[in-house]
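Chains as they are written, first to last, in the UniProt record's numbering: chain S, 1 to 168; chain Z, 1 to 211.
It should be emphasised that the hints constitute simulated quantities derived from the structure, not laboratory data.
Careful: at least some of the hints might be erroneous.
[As the list claims (entries may be wrong)] Here are the simulated DSS-like cross-link-like pairs (lysine-lysine), alpha carbons at most 30 angstroms apart as the crow flies:
1. Lys11/S with Lys60/Z
2. Lys63/S with Lys200/Z
3. Lys163/S with Lys100/Z
4. Lys11/S with Lys42/Z
5. Lys64/S with Lys131/S
6. Lys42/Z with Lys152/S
[To be verified] Just a few of them, taken from the derived set where beta-carbon distance is under 7 angstroms, the chain Z residues facing chain S:
7. Val46
8. Glu59
9. Met66
10. Ala153
11. Ile160
All C-beta atoms, glycine included, are put in the ideal place defined by N, C-alpha and C.
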Amino acid sequence: MSNTSQSPIVKVGIADLNIVTPPQIIRTSGLGSCVGVILYDLPKKVAGLAHIMLPDSNHAKQKKFNKGKYADTAIESLLETLGNEYGVRTYSLKAKMAGGAQMFQFSSSNDVMRIGERNVEAVETILKKHKIPIVASDVGGNCGRTIDFDPKTGDLRIRTISKGETII
Amino acid sequence: MKEQYSQIQLDALREIGNIGAGNAATSMSKLINKKVDMTVPKVEIVAFDEAVEILGGPEKLVVAIMFQIQGEAPGTVYLFFSIDEADSLVQQMTMSDDMKLFDEQENINEIAFSALQEAGNILAGSYLTALSDFTNINMQPSIPHLSIDMAGALLSVGLIEISTITDYAIVIDTKINDMDTTNGINSQFFLLPAVESVSKIFNAIGINEYE
Chain S
1 MSNTSQSPIV KVGIADLNIV TPPQIIRTSG LGSCVGVILY DLPKKVAGLA
51 HIMLPDSNHA KQKKFNKGKY ADTAIESLLE TLGNEYGVRT YSLKAKMAGG
101 AQMFQFSSSN DVMRIGERNV EAVETILKKH KIPIVASDVG GNCGRTIDFD
151 PKTGDLRIRT ISKGETII
Chain Z
1 MKEQYSQIQL DALREIGNIG AGNAATSMSK LINKKVDMTV PKVEIVAFDE
51 AVEILGGPEK LVVAIMFQIQ GEAPGTVYLF FSIDEADSLV QQMTMSDDMK
101 LFDEQENINE IAFSALQEAG NILAGSYLTA LSDFTNINMQ PSIPHLSIDM
151 AGALLSVGLI EISTITDYAI VIDTKINDMD TTNGINSQFF LLPAVESVSK
201 IFNAIGINEY E
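Okay, chain Z solo, but in the shape it has when bound (with noise of 0.2 angstroms):
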């Protein structure tokens, strides 16, 4: 059955999205030294499916950070780049103009992996403490979990963690980008909330009644 929520729930979940990208823009921007913009929160709930289809579809090679939320409301949160965006990253990171995740014969940069998973772990970190202080409920990142494949593949994952509950996800997806048009990081946050975690963060805010 598909969750109901009221749209004063939805704007809820959707101003959550904006905090928490909202401190990790500054965060990037910090880390880049660059402006940083973001874009207006979706907050979609969707069949398994369609939540890869957000993505670009099954197929679609991304770059995946994965962390899993530790504390009173699990869930799961994804940093999304294409690997154009994830190289240009760390080569701002490590202001080194050659760095890429992979050489030429496709062998594994551990320097720039390791440079992704690090501001993975900043821009992750900055996200959820901006919503555990919103919320007043305790919300930590795991270590950083990289991988580079599938997009089906990787969000499949967090999907699994909230399917004997559900057959639908709560994607809370929010982009930042600097405003670099050729060179430009685009990143997309993924926020999918356990269920018994959307209430959790409901009741804590406030508005668990339907309206």
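Extracted from the complex, chain S is given alone in its bound form (with noise of 0.2 angstroms):
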């Protein structure tokens, strides 16, 4: 099992969320057309990260799902909880995410299809809508994503299976 000397990763499923603090690391796997965005506090050494579907709960034709499901509810539920449990001011907060990348190459343009892209521009939307600046981004594309998020450095480690591995 993991060697305690290693920072912990607590792993964000797909349409989930969850908030860490050091020595603990976040991750989200296997990000296409999803996007990975970040909430965190650097002073405060608090982060918190969603691995959202879609752009917008509007469409959701459940009345109960995963609030990491969606960019409003996502962002929201983050904004929260970091508020709430972690007593972080949205003011203090910054922002960086990836992914919403187009997968398989489609002829036709329709909106399905740019799913990627249009959560890309949900979640600008939100965060421009509550002032959090977004520090730095890697999204679009057409290539899978695995990223980590450091609450005690902000770094965003990001691995693709072809062009290897950044930090932003």
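Dock the two chains into a complex; use the hints.
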């Protein structure tokens, strides 16, 4: 099992979200058109991550759903928990994000197929509304991404199969 | 909420996987001129993350050919291979031992890619034709969409399609494989029907009533 001298990794699944503080690192794997958005307060060393599938909860046909599934509910939920449980103020938050790729090349450009792009736009709009700056992002393209965020340094590590690893 | 299905309904979904993959195995056998076998289908109703785990986890490198199901029962069909298996299939189809999806410099070989897409077309076509004939519901595959990347990134495209309605995927998982143990081709079919398609299918075969 994992070595205790290494940072424990908290994994966030599809349509899920979570919050970490050091020494924990937060990870989500295999982002395609989904978007991984991180809200963090570097001085307070706390970070929340959501693995978003869709832009808008108005499209939900369920009464009850995972908050992390939609951009709007995921970000609201992160803000709420960061505020209530970690005493983080919205104006001290910064954001990073990755994902929103188009995994298959479609000849038609209908909306279902532009879902990655729409997810990215939704996150940008909502963060703008809350005046949270997006410090760095790696979005679009056509490759899958696994991301790790370290709340201690604010580094977002992005791994892909064809283009290796980058830190933003 | 997790969908509840009766044993009879789950058996029916398994039978659908059986019929589809059986027909696809026959097509594959003609394609590579070899005997092709299939496993007993597994039907699983799983959370999205668990669906990705069936493929070996979110970061597993896979070759995926995806088809949207057009017609009365929408959904998504995936065919998954490893790169070696896809290479082996292309080599046997084209009868050239050095045909590979990627050359030494990792450049794409267009001929191998289009051969693989054509194989996908034939296999998914025969899979859906069998389903369509059995249920009497019109189901047609879209053109094939081929991509090689992380399993999570590729499967989520089909999961997003159903995600406004449910948090669970009905995965009808069948493998077909040739009997070659060294250069074997294992192909995994994933059928992700939309929730409304499942009740249409049950209606069509007269088992919509719960036990």
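So, going through the hints one by one against the coordinates:
no.: 1; hint: Lys11/S with Lys60/Z; in the structure: holds (16 angstroms)
no.: 2; hint: Lys63/S with Lys200/Z; in the structure: holds (23 angstroms)
no.: 3; hint: Lys163/S with Lys100/Z; in the structure: holds (20 angstroms)
no.: 4; hint: Lys11/S with Lys42/Z; in the structure: holds (27 angstroms)
no.: 5; hint: Lys64/S with Lys131/S; in the structure: holds (28 angstroms)
no.: 6; hint: Lys42/Z with Lys152/S; in the structure: violated (44 angstroms)
no.: 7; hint: Val46; in the structure: violated (11 angstroms)
no.: 8; hint: Glu59; in the structure: holds (5 angstroms)
no.: 9; hint: Met66; in the structure: holds (6 angstroms)
no.: 10; hint: Ala153; in the structure: holds (3 angstroms)
no.: 11; hint: Ile160; in the structure: holds (5 angstroms)
Hint compliance for this structure: hints 6, 7 are broken, all remaining hints hold.
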